[in-house]
Every structure is written in structure tokens, then in C-alpha cells.
Amino acid sequence: MADELEDRLRRGLSAAASAHEPALRADAAAEAVLRGAQAHARRPGWDRLGAAVRPGPARNRLLAGLVVTGAVAAVAALLVVRPSTNLSTAARSARTSAGAAHSLSGSGSGASVGGQTPPPLVVTQTDRGQTVSLRVGQTLEVRLSGGGSQRWSEPRSAAATMLEETATSANSTTGDASGTFVARTPGSTRVSSDARPICPAGQACPDFVRLWTITVDVVR
Amino acid sequence: MERAGPSDRGDDQTGPAGEGFVRGLFGAHWVGLCRLAGLILGDFAAAEEVVQEAFMKTCGTPSAAARLAQLDRSDLYLRTAVVNLCRSRLRRRSVEARVNAITFRRSEADTAGVSGRPEPDEAKRVTAAVRSLPPRQRAAVVLRYYEDLPEADIARTLGCSVGTVKSQLAKARASLARLLGEERTTDG
Numbered sequence: 044m045a046d047e048l049e050d051r052l053r054r055g056l057s058a059a060a061s062a063h064e065p066a067l068r069a070d071a072a073a074e075a076v077l078r079g080a081q082a083h084a085r086r087p088g089w090d091r092l093g094a095a096v097r098p099g100p101a102r103n104r105l106l107a108g109l110v111v112t113g114a115v116a117a118v119a120a121l122l123v124v125r126p127s128t129n130l131s132t133a134a135r136s137a138r139t140s141a142g143a144a145h146s147l148s149g150s151g152s153g154a155s156v157g158g159q160t161p162p163p164l165v166v167t168q169t170d171r172g173q174t175v176s177l178r179v180g181q182t183l184e185v186r187l188s189g190g191g192s193q194r195w196s197e198p199r200s201a202a203a204t205m206l207e208e209t210a211t212s213a214n215s216t217t218g219d220a221s222g223t224f225v226a227r228t229p230g231s232t233r234v235s236s237d238a239r240p241i242c243p244a245g246q247a248c249p250d251f252v253r254l255w256t257i258t259v260d261v262v263r
Numbered sequence: 002m003e004r005a006g007p008s009d010r011g012d013d014q015t016g017p018a019g020e021g022f023v024r025g026l027f028g029a030h031w032v033g034l035c036r037l038a039g040l041i042l043g044d045f046a047a048a049e050e051v052v053q054e055a056f057m058k059t060c061g062t063p064s065a066a067a068r069l070a071q072l073d074r075s076d077l078y079l080r081t082a083v084v085n086l087c088r089s090r091l092r093r094r095s096v097e098a099r100v101n102a103i104t105f106r107r108s109e110a111d112t113a114g115v116s117g118r119p120e121p122d123e124a125k126r127v128t129a130a131v132r133s134l135p136p137r138q139r140a141a142v143v144l145r146y147y148e149d150l151p152e153a154d155i156a157r158t159l160g161c162s163v164g165t166v167k168s169q170l171a172k173a174r175a176s177l178a179r180l181l182g183e184e185r186t187t188d189g
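Residue numbers (my numbering), protein chains in the order written: chain A, 44 to 263; chain B, 2 to 189.
For the record, the hints were derived by calculation from the structure and aren't laboratory data.
From a predicted model like this one, the values you see are computed outputs, not experimental measurements.
One should not assume that every hint holds.
Partial list, derived from the structure: chain A residues whose beta carbon lies under 10 Å from chain B [to be verified]:
id, residue
1, 49
2, 54
3, 65
4, 66
5, 69
6, 75
7, 76
8, 241
9, 244
10, 260
Derived Cβ-Cβ restraints for the label pairs, each shown as a range [unchecked claim]:
id, chain 1, residue 1, chain 2, residue 2, range
11, A, 202, B, 67, 37 to 45 Å
12, B, 21, A, 197, 31 to 39 Å
13, A, 53, B, 179, 14 to 22 Å
14, A, 53, B, 133, 50 to 58 Å
15, A, 235, B, 160, 50 to 58 Å
Using 20 Å as the maximum straight-line C-alpha spacing, the simulated SDA-like pairs for lysine to any residue come out as follows [unchecked claim]:
id, chain 1, residue 1, chain 2, residue 2
16, B, 58, A, 46
17, B, 125, B, 174
18, B, 172, A, 74
Positions of the beta carbon are idealized from the N, C-alpha and C atoms, including for glycine.
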């Protein structure tokens with residue numbers, strides 16, 4: 044009786060299995076897994092990290108994890124500190140002067156300090172991701188250099204009534220772009236542009252878009 | 002399932018994941034593992050996903066592939082990965098089935114996918130009966146009666162003792178005898 048059941052199970056399972064062929068062929072399935080493996084391997088540092096973390100005993104894995112966490116924290120700290128240290132010289136000085144002017148002028152004193160308009164604030168592509176402060180009436184100049192290898196689009200203000208565009212331009216040959224904006228009303232907005240590669244005819248060319256954005260806080 | 006021979010180990014370890022080794026594993030075990038997973042899951046379409054996932058987990062990175070290549074019996078390692086993934090999926094599916102039963106008044110049998118050629122009636126009856134078993138019993142039955150594995154290998158694959166395998170198989174046989182016996186009585 045037990046043998047009969049076992050025979051029945053063997054025959055039934057075998058017949059059911061042989062009635063099914065995988066829809067995907069073995070070589071296609073292997074290709075998919077290998078593509079996935081190569082994508083992993085291309086991640087910067089992933090393979091080195093995998094080799095360091097995985098094969099060792101638990102203690103080594105923990106130590107490696109701590110090292111990685113420390114490195115990530117250090118990079119994050121640098122990025123947090125970066126806004127004040129990496130702002131271009133012109134932007135830094137202008138921001139300082141704007142802040143000083145603001146503290147001197149008090150509230151509601153208008154665009155000028157002692158009859159003088161604050162100097163224009165100049166930002167370049169190195170100020171990407173920064174936040175700058177402008178006083179109402181102050182001018183923001185954006186200068187983006189393509190260096191012949193990438194083409195910047197004309198910088199745009201996200202709120203034209205708050206930060207009015209007075210002149211923008213983009214040179215398709217050199218890739219440079221510039222824009223001048225005047226702060227009209229208090230608030231916060233963004234100025235953005237993007238760069239694409241200048242591709243010589245008949246050559247392989249990377250297809251990328253480099254975004255550039257700054258946040259502009261306008262104060263009275 | 003086909004047994005791994007020395008040729009499975011692959012000579013080409015130069016690629017990012019020992020490509021020759023991985024291709025060799027697929028060539029030797031893909032179909033067998035898909036069928037094994039299909040019988041455990043009762044769903045041959047989902048079986049392919051599970052086997053792909055097992056391959057990704059065991060040799061989806063260069064370091065993992067290198068470790069697998071160093072094993073004497075990489076096929077056993079792969080089979081264990083497939084069976085474990087099947088059991089995980091069955092557990093998840095049983096939760097879904099319970100929710101579906103409450104929400105849509107639908108049973109697992111209604112939702113299990115079937116693909117490929119129609120199975121012969123006897124095979125259909127046997128697989129339906131096997132599908133009604135709990136996940137671990139189901140895996141044990143397929144490994145015992147489809148793969149023809151000894152109880153010690155089944156224990157190693159399922160990560161339990163030989164005694165547990167014996168008791169699981171005994172319970173499964175009792176359930177299957179009742180189910181298939183009842184059918185035969187009904188048919189006759």
C-alpha cells in the first residue's frame with residue numbers, strides 16, 4: 044500500500060515536471076544574471092566592499108561596517124560644511140556684504156544702505172547647490188562656463204516676480220551661459236540651468252545632463 | 002536534478018563573475034531546478050523567477066560566484082537556495098491566500114498559476130494533492146519522490162534533522178494517502 048503510494052507519487056511528480064519546460068532558455072537566463080552581476084561590479088567600490096565585508100568572520104564584517112559607516116559620515120559632514128567653504132570668492136564677499144548691509148540697514152530701509160546699492164552677487168558653476176542671500180534691489184549675476192566641452196542653458200529663475208531676469212544669454216559654441224537677475228520681493232526661490240555635452244560630429248559621445256541649481260533667499 | 006560534474010566548475014574565471022562557471026551552472030541545472038521549484042510551488046511560471054533569484058543570490062556577484070566555484074558540490078548549494086526560496090514564497094503565499102480568502106473569497110488553488118502543456122490526469126491529481134500539503138512537507142515530498150534524495154540529503158537541504166524529515170514525510174504520506182485514496186474511491 045505504502046509502496047503503491049510512493050510509486051504513484053514518483054510517476055505523478057515526474058510526469059508533471061516533464062510536462063513543463065521553462066519559458067526562458069538556460070543561456071538567456073544566464074545572460075540576465077550575468078548582466079545583473081556586471082551591473083553590480085560596475086558600482087564604484089562595490090566589489091571591493093563586497094570582498095572586504097562578506098567572506099570574513101562576523102567580527103571582521105562588523106569592523107568593516109564601522110569603517111564604511113565612518114567614511115560615509117565623514118563625507119556627509121564635509122558636504123554639510125561645504126556650503127560656507129566652497130562658495131566662490133565673489134559670492135562669499137557679496138554675501139558677507141549683503142549680510143552686513145542687512146544688519147546695518149534694519150528693517151524696511153529699502154534697497155540701498157546709506158544711499159548705496161549692495162554690490163552684485165556673482166555665482167558660478169562651483170556654487171551649485173548653495174543658498175545665497177540677496178537684499179531687495181540687489182543684483183545676482185550667474186556665470187556658467189562650458190569650457191568648450193559642455194553647453195549650459197540660459198539660467199532661469201523659478202519665480203520671475205521675486206527674482207526678475209534682466210538679461211540671460213547662452214553661447215552655443217563655447218557653451219558659456221550667463222544671466223542677470225534683480226531681487227524684487229522678499230522670499231525664497233531657485234535659479235537653475237543644465238549642461239549637456241558638446242559632441243563633435245562622428246564621434247562617440249556621452250549622453251548626460253548636468254543640473255545646476257542654487258537657492259536664493261531675498262530679504263528686505 | 003542533474004548532478005554537477007567537474008566541468009560545472011568552469012575554467013573561465015576571468016570574467017567579472019566567472020562567466021564560464023555561471024553559464025555552466027545554468028546549462029546543467031536551469032531546467033532541473035525550474036521543475037523542482039515548479040513542483041514545490043505548484044506554479045511553473047513563478048518557479049522560473051525563484052530559480053533566477055536563487056542564481057542571483059548565489060552567483061549574482063563576482064565574490065559570490067567565486068565562493069560558489071570553490072564548493073565541491075555547487076549544485077547542492079543551489080538546490081538548497083531554490084528550496085528555501087520556494088518555502089519562503091509558499092509561506093508568503095499562504096498569508097496572501099488567507100487574506101484573499103477573507104477579502105475576495107478565493108482559495109490558493111484558484112490563484113496558483115499553471116503553465117506549459119496540460120498535465121496528464123494522474124499527474125494533475127498527484128500535484129494537486131501535493132499542493133495541499135504545508136510548505137515543509139511539500140518540499141520534503143518533492144525532494145524525496147521527484148529528486149530521489151536520501152533522507153540525510155533532504156535534512157541538509159531543508160536545514161533540519163533526519164528525524165524531522167522522517168516525521169514530515171510520514172505525515173505527508175498519510176495526508177496524501179487519504180487525499181488520493183478518497184479521489185480513487187470517488188472516481189471508482
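So, going through the hints one by one against the coordinates:
no., hint, verdict
1, 49, "holds (6 Å)"
2, 54, "holds (7 Å)"
3, 65, "holds (4 Å)"
4, 66, "holds (7 Å)"
5, 69, "holds (4 Å)"
6, 75, "holds (7 Å)"
7, 76, "holds (5 Å)"
8, 241, "violated (33 Å)"
9, 244, "violated (34 Å)"
10, 260, "violated (46 Å)"
11, A:202 - B:67: 37 to 45 Å, "violated (55 Å)"
12, B:21 - A:197: 31 to 39 Å, "violated (53 Å)"
13, A:53 - B:179: 14 to 22 Å, "holds (19 Å)"
14, A:53 - B:133: 50 to 58 Å, "violated (18 Å)"
15, A:235 - B:160: 50 to 58 Å, "holds (55 Å)"
16, B:58 - A:46, "violated (38 Å)"
17, B:125 - B:174, "holds (17 Å)"
18, B:172 - A:74, "violated (41 Å)"
When the structure is compared with the earlier hints, violations turn up for hints 8, 9, 10, 11, 12, 14, 16 and 18 and for no others.
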